[in-house]
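**Q** The lines below spell out each chain.
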Amino acid sequence: MGPIIKLILLNVVTYLILKFVLPNVPGSAPLPASLIFLYLLLTTSGFLILATVSAESKEEFWGPIQRFLVGDGIGGLQALRWVVLILFPLLVGWQTYNSTAVSDAPPGENRTIHPAPPGEYAGLSNPVPKTPETIQQGKGFYAAFCSPCHGGNFDGKGSAARGFNPPPANFADPTTIAMLQESYLFWRIKKGGVGLPIEGMPWKSAMPRWELELPDEWIWKIIMGEYDGAHQSPRTWE
Amino acid sequence: MSEVARLQLICLSVVGSGILILLFIKSVFPRVIGFVAIVLGLFMLTALAVPQMASLPPVEEKFDIATVKTPTDLAAIGQKIFFSKGQCALCHTIGPSESARCPDLKGIGAKLSREFLYESMTQPQAYIYKDYRHEGLPKMYPAEMPAINKNPIGLSRNEILSVIAFLQQMSGEPISINPSELDVPGQAPAAPVKAAQSGPMAVAQAH
Amino acid sequence: MGYQGGWIQRLLRSGSGHGGTLLGFAIAAGLLSLPALVFGADVAPAAPTEYRDIPYVGSRNVIWVVAQLHLLLAGFVLGVPMFAWVCEVVAWRGGEKRYDKLAKEFTKLLTSAYSTTALFGGILLFLLIAFYPKLMNYLTDIFFPSFIVYCILFLVETATLYLYWYGWDAMQYGGKKTFHIFLGLMLNVFAFFIMIIPNSWATFQSSPVVIAEGTDMARAWAATWNPTWWPVNIHRIIANVVLGGYICGAYAGIRYLSAKTPEERDHYDWMGYVGNFIGVFGLLALPFAGYWLMREIYQYNQQMGITLMGGFLSWLFILQAMLIGVLFLGSNYYFWLGITYRIPGSALKYRKPMLAMLVVLLLCLAVWMTPHSLVASLEEAAKMGGSHHPLLGVLGVMSAKMTVSNLMILVTFMSFIMYWRAGKQDTAGWAKIAKAIMGAILVLAGVAVIILGVWGYFVPAIIRINYFSTSQVLIVIGVMLTITPLTALLMKSAKTTTEMAWGKMPPRAGYSLVLNAIMVILLMTLMGYARSSSRVHWHVYGVVRDTSQYAFSPALGYASGIMALCTFFFCMIVAFIFWVATMGDKAKAVSASPSKGELPHGMPAMAGASSALDAPKAPKF
Amino acid sequence: MIRGLSRIVPNVVGGVCLAIGFLIVQPAAAEEKPKAEAPAETQASSAVSAPLVKGALPADDPTAAIWSSAPPATFPMSPQVHWPTRNLEATVKDMIVRGLHDGTNVAILLEYADPTEDPDDAAAVQFMVGDKKAHFAHGQPMAQVEGGPVNIWYWKNKDGKGVDMNAKGFGTLKIQDHQDVKAKGAYANGRWKVVFSRPLDTGHPEEDTLITTAGFINIGFAAWDGKKDPSSGELKEKGSQKAVSSWWYFRAEAPPNYTGYYYAAIAVGLALGFQFVLIRKLKKGQSA
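Protein chains in written order, with our numbering: chain P, 13 to 250; chain L, 40 to 246; chain B, 613 to 1233; chain W, 224 to 511.
Treat the hints with care, as some may be off.
Covered stretches of chain B, as calculated for chain P (at least 3 residues, CB under 8 Å) [to be verified]:
no.	segment
1	789-800
2	920-932
3	976-986
4	1064-1078
A short, non-exhaustive set of chain B residues, derived as facing chain L with CB atoms under 7 Å [what the hints assert, rightly or not]:
no.	residue
5	824
6	826
7	827
8	869
9	1126
10	1149
11	1163
12	1168
Hints listed in this document are in silico derivations from the structure and should not be mistaken for laboratory results. Backbone N, C-alpha and C fix where the C-beta goes; we use that ideal spot for every residue, glycine too.
Construct the complete structure from the given sequences, taking the supplied hints into account.
**A** In C-alpha cells, the structure reads:
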C-alpha cells in the first residue's frame, strides 16, 4: 500500500499547507475552496503521472490497490476492505445529498472588476497638462470628493467605506489603477458605478456618477492627483 | 431546477455513460468514444463551475438634437460619434499610441481652427502637406482619409460639428461651437441613411 | 442564464419534430416580416431582410456549429498536407521508405477530407447568406475581388491535390519524384493562400479599417490588410500543424489500441510518436503567436483587449489554462512513457529527471492556472478583501503567465531532448563539455526567464510588454536553436546502447494521444468562441452592429456545451473520413510488413527511427 | 486477460476519480464555509436566513423570545454617498437582522444602536422587484443594464407604522396603493428593535417583492438617526442623508425536503453497481 499512502499523505500535506500555513503568511488571506481544489487536483494528477509512467511503477502503485479491492491475499486487511467498499457508496450518496440540498451559502459574486470601457472612452488622453499645480489641484479635489471612500491614503479605507460591497478600489494596490490607462479612470469616475456593464454588476457599486457634479477638467485633474498620491503611473503606450 | 443545475446533470450523465461504456464494452472504438465522452463531460462541468456571465448588447443611443443644451453636451455626442459611427478611431488616436495609423489628434483642436477642421474632414485632399520628417525629398502624404460626409461613413453637418466640439474639448480648449448653430431637423439628421445622402448638401451649407 | 430560457427543451423538441421545421420556417418568416414592416415604415418602403432565424435551434447556434466544424476541418485539411509533405521530403532526402508510406497514407485522407471541408464551407455560405443577409451584403461589397481570387485558388488547389494524390505512385523516382515534391509544395502554398483569404474576411470583422472610396480592388486590398490579419494567419497556420499532428497521433493511438499484429503495433506506435512530436513541435511556438495576436488586438482596440482579458471573457482563460495544462502534461507524459517503455531498462535511470521536470511543470501549471479574479463565495471574497487574493493575486497577471509559459515550453523541450538522447551513449571526446554547456544554457535561460518575470512587476506595462516578454521569448527560442544542433551533433557520433523497441507502449499511451487531440480541438473551439465574443454586439467591430436577437454573447457553461458538441461531431467526421479512406486496404495493411530503410544520420530520434524496426520483436502483451 | 484489464482499469479509475472529485469538492466548496462560520454578531454576514416557525409570528413584537431562535446576521452600514445630497458621517454603523416566516407571512427584525430615541428615527428594508436587477441606491437607472424598481418597507418612530413604497431612482419614491407591510419599533438600552412583517406573496408581483422559499433574494437596509442638530435645529439625517447597506441576501428557509435522500439513494445505488462491476472485472482479470 506504499504509493497510495504516499498519495494520500501528499494531498493531506498540500491541503494543510494551503489551508493553514499559506493564509498565515503576513499579508496573505485564506484561499478560496476552488483554488485549493485546483492545487490538489494538480498534485494528484502529478502523482498519478509519475506512478504510471513506467510498467514497474504502475505495478507498484496499482498492484496493491487491485489486490486490496479484489481481496486476494491481503490477510488482516479484509475488514478494512469491507469498510472501504461500504464507505465509498455512502460517501457518494452523501455528496449527492449535499449537492442537491438547498445551499446555505448565497450565490457567489464573481464580479468583473475591470470590465471593458465603452468604445468612446477607450482612446481618450488627458487634455490637462501635467504640472505640479494641476496635480496639487487634483489632490485637493480628491480629498474633497473621493477620500471619504477611497481613503486619504489612497488605500480604499475611507471612513465611509465600511458598508459597501464591493469595497472601494485600493489605488495603492499595483493591480488596480497601475494596470489601467487614464482614459479608463476617466470613464469610471465620470459614469460611476451605474455606468458599468452587466459583468461589473452596476447595481452593487456605490461609486457616484460624478459627471452630474464635476466638470470633465476636474475629473482629469483628480486622475493625475490619484496616480501621484498612490505612487502609481498609468499604463501608456509610450 | 436552475439552468446551470440542469446542464450539470446533462454533463454528469455524459460522464456516466462514458464510464458505462468503459466498464461494459470491449471493442476499442466505442471505448475511445466513451473516453472522449468523459473528457468532454468534465470539460463542460469545469465550464459550469466558473461564474456564468453573458454579455448583453447596450442600448443603442440616438443623436437627438433636442437634448443638446450646452457645448459640453455637443462634445459628448461628438465623442460617441468619433469612436463609433464616424469610425475616426479606426485610424486616429487621441494621445500617443502604438497602434496609430494616422496623425494623433491630441491637441488638434487647439492647433487648427474649426473651419479648417471641418474642411479636413469633408475635403481631405484640399491641403496636402508634404512630409518632411525623413531624409531626402519631401514625400506626399497618401491622404487616405475618406470624405467623412460621404458614403460609407456619411456624417451629417451636425455630427461633424459635434466631433469638432469634442476635439476642441479634448485639447483643453473652450468649445467654439454653439448648439444654436446646429441644423434644426426638418428631416431627422439622426437617420444614418438620410444623413449619408444629404452629405454634399451639408458641405454647401458650411461655406 | 435566464435569457436562454429552456433551450434544452427546444433542442429536444426539435429533434423529434422534423415535420415542424418547414412550418417553423413559415412562421419564422412571418414573424420576421413584422419588425421588417415597422422598420420599413421608418426608412424605406421595402427594407431588405436583415436576419432570418430557424426555430428551436436558433440561427446563431447553427452557424456556430457549422462554422466551427468547417474551421476545424479546414485546419485539418491544411495541417495534413504540410505534415505529409514534410514526411515525403524526409523520405526523399533520407531514403527511409516508411515516411513516404506515412505521407501517402495521410494524403489519401486528403481527398475525402477536402471534399468534406468544402461541403461544410458551402453549407456555411448558404446559411450565412440566408441568416445574415445584411452582413453578407456588406462583406460582399468590400471583399468581392477576393471572392474571385478565392474561387480560382480553389480550382488550382483541387487540381494540384488530384495530381499530387493520383500521381503518387507514378511519380515515385528520379526527376518525377522531384516534381511530385514540388507539387506537394505548391499544394501547401495554395492551401496557405486559401487559408489567409477567408482569414482576411474574419479578421476584418474584428479589426476593420476605414474603407475609403476607390476601386473594388483597392478597397478589398485595404480591408484585407487589417491589423490582426497576419497575427491570425501565423497563429492559425501553427495551430493547424498542431491539430494535424495531434489528430494523426490520435488516429495512430486508436489503431494502436485495436492493432492485432506486431507489425501493426510497431507501425502505429511509431506513427503515434511522429504525430505527437509534430504536435508538440507546433505547440512550442503557439504561445508566442498567441501572444503576438493578443498584443495586436490590445493595440488595435483597448476595449476589445480588455473584453478578452479582463472583461466578461476573463473567466474563459481559466478554461483555456486548464486545457493547455492538460495538453502540456499529456504531451510530456507521452514522451516519458516512450522513454520507459520503448527503451527497456531505462525506467529507473530516468525517474529522477522525470520527477524534477514534473515538479517544475506542475509548479508552472499551478501559476498558469491561478486566475487573477478567483472563483469564490461571498464569505471567501470577504476574507480576501475582494476577489483577488492578496498574495496569490500577483500570480494572476501577465508577467507571471508569460514566465511560466516560457518555462513550460523549456521543460517540454527538455523532455524531448531527453527522449532523443535516451538509450544513447556519447562517444565524442567533447561530449562532456558539450553536455555541461547545454546544462548551463538551460539553467541560465530558466533563471533569466524567471528574473525577467519578477522584474516585470516593477516596470511600467509598456516596458514589460515590449522588452521583457519579448526577451523571454527570444531566450527560449535561443535555447532551442543552440541545443538542438548541439544535440544533433552529439547524436551523430553517439553509440546506441539500448535499441528502441516499438509496439511496446501500454494502452494508456494510446488514450493519452486521444486526450491530447481532444484538448487541441476543444482549445480551438474555445478560442473560436473567444474571438467571436470579443466582437461583442458587432458584426464588424465598431462599424456594423448586430441588431439581431442573438447580439448577446452566451455564458461559458452554455457555450461549452456547443464547443463539446462541435468537438464530438468533428471527431466523428474525422473518424468517418479515416474509416472511408482506409476501408479498401485494411487487408493489405495487415499483410504488409514494414518497409526497411537505411537510417538517415543526424536525426534519428527526431524522426523516431531505430534499427530495431528492422527486426520486429513480438510484443510482450 | 490481465492485459485487457490493465487497459480498462486505469482509465476507468482516472475518470471516476475525477468525476467523484468534482462531485465531492464542488458541493463541499459551497457547503464548507457557512458551517465553519456561525454568524456571530461581531462578524459581517452576507445573508439573512429566516427559519420556518410553527405557530404565530412575532409580527408586532420586536422583543418576543422567539426571535432568539432566529440566527442573527450583521451588516455594516455606510453613510449614503451615492447621491449628491450625501452625508459623510452616519450614526448607525451596524445592522443586526433576523428573519422568521411561517409559510404565509414573513417577519424581519432590525436591531441597531442609536444613542437617543427621537421621533424622527426611522429604518427601512429594501428589495428588488421581479427579475430585473435594481441599483441599491433607490433603484437608480443604470447606463448599460436595464434595471427594475425597488420595493421599500419604511418605518418611522413617530408614525409607528409600516409604509410600503416603490422607487426607481432618487426622487421617484411612491407610496403604494395597497399597503401590505406592518412595522413596529421598540427602544431600549440605546438600541432600536424594529420588526417588519408582510405576507410572503402579496399578489402584486409588479410592485412587491415576491418572497419564496426557493432561494436567495436581494435585501438592503437603511436607518435614519432622527436627532436634531443642537445649533440649527435641523435634522441631521433625513431623506437621502442616512446610513445604508449594500445589497445582501435574504432567504426564507424551505420546509424540510426529502428529495435529496432519493437522489442520494440513487447515487449510492449507482456507486454500488459501479463498485460491483469493477471488482468483478478485476477478479475475472485475475482468474483468467
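**Q** Hint by hint, note whether the structure agrees.
**A** Evaluated hints:
1. 789-800: violated (count 0)
2. 920-932: Satisfied; 5 residues make the cut.
3. 976-986: Contact hint for the segment 976-986 of chain B vs chain P: holds, 7 residues under 8 Å.
4. 1064-1078: Coverage by chain P holds for the segment 1064-1078 of chain B (4 residues, Cβ < 8 Å).
5. 824: holds, 4 Å
6. 826: Not OK, violated: residue 826(B) not within 7 Å of chain L, min 9 Å.
7. 827: violated, 14 Å
8. 869: Constraint on residue 869(B) satisfied, holds at 5 Å.
9. 1126: holds, 6 Å
10. 1149: With Cβ-Cβ at 3 Å, under 7 Å, it holds.
11. 1163: holds, 4 Å
12. 1168: With Cβ-Cβ at 5 Å, under 7 Å, it holds.
In terms of the numbered hints stated before, the structure departs from hints 1, 6 and 7, listed from lowest to highest.
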